[in-house]
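Q: Chains as they are written, first to last, in our numbering: chain A, 1 to 167; chain B, 1 to 424.
Worth flagging that the hints you see were computed from the coordinates, not collected in a lab.
Some hints could be false.
Claimed, not checked - Below 20 Å or equal to it, Euclidean Cα-Cα: the simulated PhoX-like pairs (lysine-lysine) are:
id: 1; chain 1: B; residue 1: K46; chain 2: A; residue 2: K159
id: 2; chain 1: B; residue 1: K241; chain 2: B; residue 2: K206
id: 3; chain 1: A; residue 1: K158; chain 2: A; residue 2: K9
id: 4; chain 1: B; residue 1: K295; chain 2: B; residue 2: K164
id: 5; chain 1: A; residue 1: K137; chain 2: B; residue 2: K158
id: 6; chain 1: A; residue 1: K51; chain 2: A; residue 2: K161
id: 7; chain 1: A; residue 1: K9; chain 2: A; residue 2: K35
id: 8; chain 1: B; residue 1: K112; chain 2: B; residue 2: K60
id: 9; chain 1: B; residue 1: K187; chain 2: B; residue 2: K320
id: 10; chain 1: A; residue 1: K158; chain 2: B; residue 2: K46
id: 11; chain 1: A; residue 1: K141; chain 2: B; residue 2: K295
id: 12; chain 1: B; residue 1: K10; chain 2: B; residue 2: K158
id: 13; chain 1: B; residue 1: K264; chain 2: B; residue 2: K170
id: 14; chain 1: B; residue 1: K164; chain 2: B; residue 2: K261
id: 15; chain 1: B; residue 1: K60; chain 2: A; residue 2: K157
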Amino acid sequence: MIFSGKVFKFGDNIDTDAIIPARYLNDSSDENLRKHCMEDADASFSSKVSKGDFIAAGNNFGCGSSREHAPRAIKVSGVPVVIAKSFARIFYRNAFNIGLFILEADTDGMDNGDMLEIDTDTGEIKNKTKNTVVKAKPIPKFMSELVNAGGLIAYAKKKIKEGRNSL
Amino acid sequence: MGRPLTITEKIIQSHTVSETVSPGDIVNARVDIALGNDITAPIAIKEFEAIGVTEVFDRKKIALVPDHFVPNKDILSAKQAKMLREFARKFDIENYFECGEAGVEHALLPEKGIVLPGDLVVGADSHTCTYGALGAFATGVGSTDLAYAFAFGELWLKVPESIKVIFEGKPKKWVSGKDLILYLIGKIGVEGANYMALEFAGSTFKHLGMSDRFTISNMAIEAGAKSGIFEPDEITEDYVKNRAKRDYVFYKSDEGAEYAKVLKFDAESINPQVAFPHLPENSVDIDEASAKNIKIDQSVIGSCTNGRIEDLRIAAGILKGKKIAKYSRLIVIPATPDIYRAAEKEGLIDIFMDAGAVVSTPTCGPCLGGYMGILADGERAISSTNRNFKGRMGDVTSEVYLANPAVCAASAILGKIAGPDEVS
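Just chain B, with the same shape it has in the complex (with noise of 0.2 Å):
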């Protein structure tokens, strides 16, 4: 019996030949699933050109979806997605998904059940981190690692310490994993968890849904994290058993397994948070943020972070029968097409469109400051998004605050930065 090991260790252990692995060592781990986009992919696929290889490793194992600036923004973007189209063609990469099947990638592939407990996957981008929630070793990696994982099936890693957190108790109305992760940011910082991996626990969790743990583990990288992981329970079993395609693990934490940090917050003294520019750790709660009076502009309620069924019915269930203010805007982006069209049967896109809201096709927009909702000079939005840098989401003088989208909404309401209760 070797040294007792968490759940990252063991997730990285079992993807390569070692015996056993320690922080700090670094490894050739294998990869199950090795993801691009259409802003990230193509510098991969000119580099995968350059090693010279003539096959990908498995064409089952690749996943590339257009998401970023698809349906195509401009001329340069349409070639950029062509190149994914391409290469897609070219190896008969079994996970593309052309426009129309594609939603932003971090909402498609644990719903399409291609990432899946167990598995450790790279993806060039920096929310790959997201699959953590189904207890996956996930992490954000370059173009140029993933040409390298493209030609060769795995990738030098950095076997990172852990830090453990852990919530206890049932959180408050309205309190949603999003507060949870931006108020912990809050109490670490940006660079709070630098080269580490999170690994969440505790009783909260009892309480949120897999939508919750996708967004905490989304975030975990506003931390500075390598990734951010859940041990899976029942919870993901639910979520996974219809979806999955192939055998997954469960991997669990050994008891006395070593952590650099194990941090304790009571969830149910945590309050809805926002996140003043130009940091995600500038989170305050609610009642401060709406008493500041700050009006906003544009309110965004979508992402990889909060745009899952779950966060559309929070927004509506707000939104139903109500106005935004006058002269501001809501855009509402659904983050798949199998939650537009359950958004749609549900009656939610209603909702939204008669409280004045803009409901776009699935795409990441106006979260990177790419299209569909960009800010000129001076607007102020309100975002369910995971970003606040400057010049985030438009012009460099623009901000953005970010909320769980029960505060979006009640805040696209008011025209202000508004708790929901505000409103009800």
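The following block holds chain A by itself, in its conformation from the complex (with noise of 0.2 Å):
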């Protein structure tokens, strides 16, 4: 698939917390995660955020908590794709569980504010305000069946319509 919009750029080691703070985890609805997505990393995300934007960070994006809330509020926020150096297993499991895409890149030479248009088939991630072209590190084939069914619920519905006992 292809997607096209703006970047919001962080750092690295951006926590579970900072994407959703647990003060808020009383309650999972779509309305509560989407309102405080990012909010302890910066206040005005949400204000901000619109339909297609992308998540760019350093390394370790997702550490902490295994929270899926987390990433549920950046997809309920109409983010399709978060790229970064590197991410946290269980963040990274989670995210796929879900059907959100996240993509291990390069990020130095993106910025807030970049437009940026991603591949998710072939993980090219072009930056047009830069006119930059980096290269996503592939997707192992397991995963990508995964967040291609729609994620891991999705995923178990379809084994159960084929009868099969088994992954």
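The task is to assemble the complex, starting from two chains supplied on their own in separate frames and drawing on the hints.
A: Below you can see the structure in the form of structure tokens.
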């Protein structure tokens, strides 16, 4: 799939407390998650982000808690893809499980407001503002099947339908 | 005879249909225990319902522990706890713990013998890695993963590479599992073991107890690790033998098993550590931290990291007959009802209250900035918990310093970050 939008750029070690602070975890509704997404990293994020925008970050994005509220908050904010130099493990699997694309790529050349065009099939990220191209690491086959199926639950339903006992 | 395997590879392999497994393989693994809490299970329950199955895979292999915002901190939290209760009732979940029996999940499940050596445990909580202390493969997952495990009793896992971490020698006085793991994270960084299993070994662990192992495995995630495991031994056996209600298996790594890295540390030269804001990797020796004269507003002793009876005994030993500094707060949270009761019987609760502490019923509460000890703007806490991210315990301008219970107790007395030798 091809996505176009502008970038919100963050640094290293953006933890899940910054993505969705625990004080809001008494409510997992989309509205609550959208309202407070990225609040402790950038308090104005939820008022600035538009559907189709991207998040780009440095190393270890999504470290800390296993809260799935974090990738969900990003997804319901309309962000289709997160690009980072690296992702923390639980965030990585949560994103695929809920059908949020995440790409590992060099984000040094991306700045706030840059316009990107991302092809999630080829992993090509075009920076239209800077006229540069970076290539993301390929997504493991199983993971791309998962995200293309719409996440783990859609995958599970398909499995039941096909009468399979196993992945 | 196949390739020599690590303990982690062996446990994963024994839970799959594969003949052998190698790091990088994505396998479908059978789950012994699937765990959720009052924050993560509500999403899992909704997703479970979306799958459309009518039964859980095994009512005895699911654990539901309301601990984060329980006793309910507000109406929304009460609704989340209610979802767990209704799900537990509907499927007659054996390991559901109502408030009063419930404690901090990662202290509670080992205490009750629900997780055992050789198990494969998935939990929708990042500190599920705590059970590695028992010689189990245990890892944190998300709510959707948990829903899948509730339905099918299995989950996809990537077999991790392992890093072997060896600590040799007898630790100094006041040096505990907390200090060893903070020291390690300081050396390898918060991403140092991302996607990997940490395997702890060495003579140091003959000098420390199970509670130190739990603390170390608990914070494996703070180095990004998938799990943090110990080979079970006689210390493990002593801990589990009277708790287990089913069989368990002691796995050991094979001679010649492959590691991505082997790290060796001399535990005799390690001092109590303090991790400065806002990452657990910012650890320094207590003397260096103390010399900076850092005033604190609050000290917290508790959590899945350091809320066990051994931790409370250490803290009480320092606080006995002393008062905490004026205008500072000390919050002590025994991690489970059994720990609370033991602390009461041993007179520890009196010691804490005489010192001016507040003693709370078991909850994760302040550790994640939930409730029961939230920081105002600009306030500073020293805490025996596991994370010091920006805003973790309250306002985004507040600060958390991580340390062992002895340092937290001494700091409460002096109203500044201090080592236990400064108050005795």
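Q: All hints, please: hold or fail.
A: Evaluated hints:
1. B:K46 <-> A:K159: Holds, at roughly 19 Å.
2. B:K241 <-> B:K206: With a Cα-Cα distance of about 18 Å, the restraint between K241 of chain B and K206 of chain B holds, given a limit of 20 Å.
3. A:K158 <-> A:K9: Outside the cut-off at roughly 37 Å; violated.
4. B:K295 <-> B:K164: violated, 37 Å
5. A:K137 <-> B:K158: With a Cα-Cα distance of about 17 Å, the restraint between K137 of chain A and K158 of chain B holds, given a limit of 20 Å.
6. A:K51 <-> A:K161: violated, 33 Å
7. A:K9 <-> A:K35: holds, 19 Å
8. B:K112 <-> B:K60: At roughly 13 Å apart (the allowed maximum being 20 Å), K60 of chain B and K112 of chain B satisfy the hint.
9. B:K187 <-> B:K320: Between K187 of chain B and K320 of chain B the Cα gap is close to 35 Å, so the pair fails against 20 Å, i.e. violated.
10. A:K158 <-> B:K46: holds, 18 Å
11. A:K141 <-> B:K295: violated, 52 Å
12. B:K10 <-> B:K158: holds, 14 Å
13. B:K264 <-> B:K170: holds, 14 Å
14. B:K164 <-> B:K261: This hinted pair holds, its Cα atoms lying about 6 Å apart.
15. B:K60 <-> A:K157: Roughly 24 Å between the alpha carbons, so the hint for K60 of chain B and K157 of chain A is violated.
Hint check: violations occur at hints 3, 4, 6, 9, 11, 15; the rest are consistent with the structure.
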